[in-house]
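4 protein chains.
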Amino acid sequence: MSEKLFSQATGMFIAETHTDAVTWHFSVDKFLVEGRTQFQQYQIVDMPTFGKTLFLDYKIQSSLLDEYVYHESMVQPAMITHPNPKKVLVCGGGEGATLWQALQHSTVESCDMVDLDEELIDMVKVHMKEWHHDCFDDPRATLVHQDARKWVEDHAGHGYDVILSDLPGPIEGGPALYLYTKEYFQHVAKALSDDGVFVLQSGAANETYPYCYACVHETLESLKEEFPYVRGYYGLVTTFQMPWGFIIASKKHDPLELTSAEIEARLTARGVQNRYCTPRFMPSMFVLPEFLLRDIKKYGRILTDAEPFIWDA
Amino acid sequence: MSEKLFSQATGMFIAETHTDAVTWHFSVDKFLVEGRTQFQQYQIVDMPTFGKTLFLDYKIQSSLLDEYVYHESMVQPAMITHPNPKKVLVCGGGEGATLWQALQHSTVESCDMVDLDEELIDMVKVHMKEWHHDCFDDPRATLVHQDARKWVEDHAGHGYDVILSDLPGPIEGGPALYLYTKEYFQHVAKALSDDGVFVLQSGAANETYPYCYACVHETLESLKEEFPYVRGYYGLVTTFQMPWGFIIASKKHDPLELTSAEIEARLTARGVQNRYCTPRFMPSMFVLPEFLLRDIKKYGRILTDAEPFIWDA
Amino acid sequence: MSEKLFSQATGMFIAETHTDAVTWHFSVDKFLVEGRTQFQQYQIVDMPTFGKTLFLDYKIQSSLLDEYVYHESMVQPAMITHPNPKKVLVCGGGEGATLWQALQHSTVESCDMVDLDEELIDMVKVHMKEWHHDCFDDPRATLVHQDARKWVEDHAGHGYDVILSDLPGPIEGGPALYLYTKEYFQHVAKALSDDGVFVLQSGAANETYPYCYACVHETLESLKEEFPYVRGYYGLVTTFQMPWGFIIASKKHDPLELTSAEIEARLTARGVQNRYCTPRFMPSMFVLPEFLLRDIKKYGRILTDAEPFIWDA
Amino acid sequence: MSEKLFSQATGMFIAETHTDAVTWHFSVDKFLVEGRTQFQQYQIVDMPTFGKTLFLDYKIQSSLLDEYVYHESMVQPAMITHPNPKKVLVCGGGEGATLWQALQHSTVESCDMVDLDEELIDMVKVHMKEWHHDCFDDPRATLVHQDARKWVEDHAGHGYDVILSDLPGPIEGGPALYLYTKEYFQHVAKALSDDGVFVLQSGAANETYPYCYACVHETLESLKEEFPYVRGYYGLVTTFQMPWGFIIASKKHDPLELTSAEIEARLTARGVQNRYCTPRFMPSMFVLPEFLLRDIKKYGRILTDAEPFIWDA
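Sequence lines, in order, name chains Y, W, R and P.
The numbers in the numbering used here rise by one with no breaks, and the one at position 150 of the first sequence is 150.
The numbers in the numbering used here rise by one with no breaks, and the one at position 255 of the second sequence is 255.
The numbers in the numbering used here rise by one with no breaks, and the one at position 197 of the third sequence is 197.
The numbers in the numbering used here rise by one with no breaks, and the one at position 218 of the fourth sequence is 218.
Next comes chain Y alone, as it looks inside the complex:
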């Protein structure tokens, strides 16, 4: 065997498995922080190429290389879709970057962030300033440590303009299992204003594990009365080794009707400067690849509290 082809590992690695097909061994240059909260284990490390990177329960969350891709994809399409977002809710969003993205819009008067894991956020405040830029101190921001579902249920009629769901996937026994169900989405509709926009990260948008995305999409589609416009889209998150899926469910405003010119006008008016969700690029994010459309039909089912989706990739 040619020695040029063959090499062996020396160093430190964090291994994450995605389906039974592949395990990613991420190289750790330097170890920064490790701990365990009531809900999860966390590690922050310096990686070659990726830079500072957060892992939760040994799953890569975001790196300085392209956290902006994930977080703009998470936040900007929904915020832009709403013509005048004043009251915003972030569910989850531990790194604080989702909150930061929302607060970039000058229209925002208040942004509540509800994240269960206080210990994690305390750590994030100290060690992940590159993500949140201390925006927890923004007078418009309110941070609450509570179950997001309870918060949403308690805020029926509150009139949020935009609700951003940046939660972990529906893992068995995990805190987000019932934050991807029909019943929950109905509560979301009640907490939104009459022209409110809801968006949630919905899992992998590739051909190895489209099952979660398909089911969440199908579930929102079944709520035509609450959400006449259900629009899937995806972001090219290099750190995740795959495109990542999001879905907007909207009461009145259809993101597909936004032209690049209108996107640009809104961003300019609100003082937002995107690096990924630009006026030129954003419309293409909503053009889902055929395989995802096929998989939505093939694997989609309506998720309920009785039969939620259980992630096992």
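Rather than coming from a laboratory, the hints here were simulated on the basis of the structure.
If several chains are the same, the list does not tell them apart, and a pair holds so long as it fits within one copy or across any two.
Derived EDC-like pairs: lysine to aspartate or glutamate, alpha-carbon spacing no greater than 20 Å straight-line: (1) Lys30 / Asp46; (2) Lys59 / Asp29; (3) Lys30 / Glu119; (4) Lys52 / Asp20; (5) Lys59 / Asp20; (6) Lys52 / Glu34; (7) Lys87 / Asp138; (8) Lys30 / Asp20; (9) Lys52 / Asp122; (10) Lys252 / Glu262; (11) Lys182 / Asp305; (12) Lys86 / Glu264; (13) Lys125 / Asp112; (14) Lys182 / Glu226; (15) Lys297 / Glu307; (16) Lys129 / Glu119; (17) Lys224 / Glu257.
The hints should help you fit chains W, R and P onto chain Y, whose structure is shown.
Coordinates of chains W, R and P only, in the frame set by chain Y:
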């Protein structure tokens, strides 16, 4: 530590490293074929989720899960861009699927395939029928085992309508090092007809290793006289763990001017049924993400025979 | 980080986990044979340094580098301990090397080998001649494919001089679970002659997983009437990444009473040339390290059919 | 494929390669300390089974599971061999456990420890008390941060009774490259008393990488005038995944002449309680396996400053 979080590897794996940040350990369910030609080592294995998969020099090439995504992305945009492709050349394309994709177009009268590695193709003919569907036997196909550059140089004035470059990356000492240079592209221009279209796979289109893509793009851009239209695009290749980049360099026909309706008309007329490059989806493939545009400007340089690109990811 | 320190894996590997502390990634140079019998999966590969190597269920079994160390350790001390071994039984011993070692002793008149897995032995006959040297054809050898316990139970009073137990560990649901229990050992005693010698491979002899060895030792110790002499020893099996444990249970002959001179005399008389169990070295194999003596006391319990040992390393 | 057989990695690992045959992936439960001194990188982690463990340059050094096996093997045979060791020198010995082992002997009046890496020792003092038990504070101990070779050269005629060489292997460009050569060993002889004993850790004692051990052994054997007694031995270091080799070079006292009774008498008189190098077990450590004797002959060569051994496993 929770045992639920932590698990160790048992089984057989093929490890491929992509930049210093991550190594992918691909699971091998069953070993099918292994060998070494004069030019490379090959392995065909059965993988969970991915199915039958080809590795060359321990680098994943394509799997049954989504070889169609790669090969449609490789072939269809260029074929559709040309209004009437009759004479086609495939450079490389070992699995035979690039040839197969080209031959789907009923306009094609002849398709030459020039691949250096005869031993590999002989193996492919026996073991990878799901890729090539025995299209080597199509009377329009001619298979030649020769250096692609020499073939192209020898065919100046031949008037190919489409040249499809499905070659390995420019590895140091590898056979494709001088198939990504300005001088070579000038020979390509001479081998094309007056309205010919050239397309080449150009490497990763993500934020970890955009360097090859940036340089190939810049090099083709520098050939305005030969190729007035240089259009980058990408395909979502799940098997590659990242979006993959391609570039069309065209003399007269601009892929960006094709509407979905026109794409559909051409595909229908030629009897082609795409699963990935559909009329609805194809235009979005040409909307490159901002980071790639930035990286093209930042890292692009003109590649020459004297200073070719050397892939080291 | 210094690039000299840090390197990533490229190539093919078989991963085997030993306790929750370490996973060994064995490098595969070339893939030779793979298959699955009714009982197990097997792979023969060429490894750097180790040479041709057999894996069963992704666990390394033996390599050409030092299969002689394992198989001499398995066979020679018991054979030498008996002054005149004529009738020998091998339980298990799939590679055929245990049989070969026993047949080296010119005193042997018959050697029965009972191995459940006929498909595996058929493969071994073709692909592992370096291990068995075609000794299955020796007229003194009889190969039977049957459950070893049943064979031993059926051969009470048969008068074997030496019984060599070269079986897989007691895995849950595996075929050898009840071949490491007190009841079985009592049947072994009945199948032996009055001065018969029994030996079995008994698992790891290191500090990470001494549990099986401790329990087998304790179980044999509890059979003072059947086996007055219970003598643990170990072999330095490089391929296993650890010392490996064996235990002799003997009715009349005590291996500890053998001097190097007597060992040499017996080997010479029988025409045996050992490379590992030499007269000089063999006595030291019986000097167990203190940690193993401590662990035998600490973790040993009597294994029964009702409560067998279940290997979970 | 049976799902029971096949599993993938999730978690954190430190990978160490030993020859081209195998890479060990050590599981990290918890990350404790990381840093880089002028000379090396260090990591202390909690491992399952192994407990607290030190890595230097991603190579496992010692774990709480069995650091006593390594350090008793390193120190006790030489200390016991000398009838009355008063003046002792430790070269290297970063963890402080070698010093601690030497100081257990009540005969010792002074023990100098010369270790180049002050930063490492400062870290060890804080984080590895289980190894050194604060013995740096023993009034008999003197810690010097200096090149060991220079110290030894400067102490010709000093009359050390025992010199313990617990140094890293002779890596290219590393600080210990010239601490395994004939010239250095001649300086060692001069620094010893007339009946002084020298011992050094000498690398792997298995069949995959016996080359260093063979050469060091041959080099000391060539110094018959200085060291009439050269005695190789090994310790069963579970943490190292292999037996580890040591060599005693002695001017007057031959360790092979010590009976278990004499060993016991000396240990008792000096108040030493060994857990591995017990009177019963110690003599067996000097019985090298045949393969090591063969490899010494086959691969041994005399190491000189001009042609030192360069470790590349």
